[in-house]
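Residues in the sequence shown are numbered from 16 upward in steps of one, following the working numbering.
Don't read these hints as lab results, they were simulated from the structure. Predicted, not measured: the structure shown is a model, and the values here were computed from it. A few of these clues could be false.
[Stated by the list, open to error] Now the in silico label distances, taken between C-beta atoms and shown as ranges:
hint, residue 1, residue 2, range
1, Arg-38, Arg-280, 33 to 43 Å
2, Thr-282, Arg-251, 13 to 23 Å
3, Ile-128, Ala-271, 36 to 46 Å
4, Arg-280, Pro-243, 26 to 36 Å
5, Ser-272, Arg-96, 34 to 44 Å
6, Asp-294, Arg-62, 43 to 53 Å
7, Arg-96, Cys-195, 14 to 24 Å
8, Cys-195, Leu-297, 45 to 55 Å
9, Pro-86, Ser-272, 17 to 27 Å
10, Arg-192, Ala-136, 26 to 36 Å
11, Gly-77, Arg-135, 11 to 21 Å
12, Arg-161, Arg-280, 35 to 45 Å
Note that beta-carbon positions come from the ideal geometry of N, C-alpha and C, so glycine has one too.
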Amino acid sequence: MIDSAYRVAPPGFTDDEWETFNREGILFFEDALDQEAIDELTAAVNRVCQSSPKYRGEETFGCQNIVERDPAFAALIDHPRHIGYAYDLFGELLKLHQSQFFIRPPGGERYNIWHPDGARAVPYGTFSPDLPLQIKIGFWLTDLPRAKMGNLVVLPGSHRKQYVDEYDSHEPIPGERVVCLRKGTMTFMHSSIWHRVEPNESDVVRKNIFYAYCPAWLTPADRLQSDPAWLETLNREQRIIMRSYTNAYHNAKPPASDFPLFLDRETGLDRDPDAYRDDVALHRRKRRTWAERKRSA
């Protein structure tokens with residue numbers, strides 16, 4: 016009998032969303048955050064800024080590993096608003112790769128040039144040309160109704176491209192999309208999509224949050240290990256998703272206590288039925304991800 020303490024995987028991709036994500040490399044979810052959530056996260060951003068000696072109000076400011084800096088950010092690690100989408104891709108080895116926020120004031124420098132996320136010399140797409148090895152979820156806390164407000168700029172469909180001539184530049188590319196959106200929007204982005212950031216020529220301070228997820232065996236981007244005392248403040252799923260192991264090989268072969276991360280949302284089971292003999296231990300079983308099942312259907 017399955018322990019009822021385990022959570023069923025939250026909702027993830029619809030068929031239409033999966034088709035769009037594979038074609039465009041990015042999804043947009045308007046009104047994913049209500050005003051209360053926007054206010055709570057904005058207050059957390061402001062608290063971290065005020066506590067940092069590196070923060071200068073007139074300069075672009077970014078902060079990494081924010082989940083360890085404020086409980087409001089830790090609560091997002093496994094939030095049902097988005098974690099089901101990441102689980103659909105990475106399944107039982109889901110890991111938080113990076114958590115960060117950006118403050119982009121008017122006239123602030125450090126607006127990013129064209130790039131994909133992740134490794135450069137041998138990009139993720141070399142090893143996984145179809146499925147992403149990292150996804151990045153954005154939470155937008157500021158209305159960005161027009162261009163030149165520090166907007167994200169993406170090249171839809173470019174997650175299939177290893178090269179673009181405009182790499183390492185700010186030059187516009189035909190077909191690019193300047194992302195204009197309402198505060199409260201959530202974006203879901205393939206790590207290999209080419210993107211950049213526009214300068215902020217408005218009178219608005221752009222604020223946004225990014226959470227990136229990956230398979231457990233990828234190196235995290237913003238930490239080596241997490242503070243053990245802080246980990247004790249998390250729930251079971253949050254702690255597992257942080258993958259703060261003292262045994263390095265546990266990133267590839269997590270301990271038995273970390274299974275299941277979630278129960279299957281359709282069957283409620285902690286395993287794929289009829290795949291193995293009953294005596295095979297749960298942590299040694301392969302479980303197909305939602306994306307695997309979708310591609311083989």
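Evaluated hints:
1. Arg-38 with Arg-280: 33 to 43 Å: With Cβ atoms ~24 Å apart, the hint is violated.
2. Thr-282 with Arg-251: 13 to 23 Å: With Cβ atoms ~21 Å apart, the hint holds.
3. Ile-128 with Ala-271: 36 to 46 Å: holds, 45 Å
4. Arg-280 with Pro-243: 26 to 36 Å: holds, 31 Å
5. Ser-272 with Arg-96: 34 to 44 Å: violated, 26 Å
6. Asp-294 with Arg-62: 43 to 53 Å: Holds, at about 51 Å.
7. Arg-96 with Cys-195: 14 to 24 Å: The hinted range 14 to 24 Å holds for Arg-96 and Cys-195, with Cβ atoms some 22 Å apart.
8. Cys-195 with Leu-297: 45 to 55 Å: The hinted range 45 to 55 Å holds for Cys-195 and Leu-297, with Cβ atoms some 46 Å apart.
9. Pro-86 with Ser-272: 17 to 27 Å: holds, 24 Å
10. Arg-192 with Ala-136: 26 to 36 Å: holds, 27 Å
11. Gly-77 with Arg-135: 11 to 21 Å: holds, 19 Å
12. Arg-161 with Arg-280: 35 to 45 Å: Hint holds: Cβ distance 39 Å, inside 35 to 45 Å.
Comparing the model with each earlier hint shows violations of hints 1, 5; every other hint is respected.
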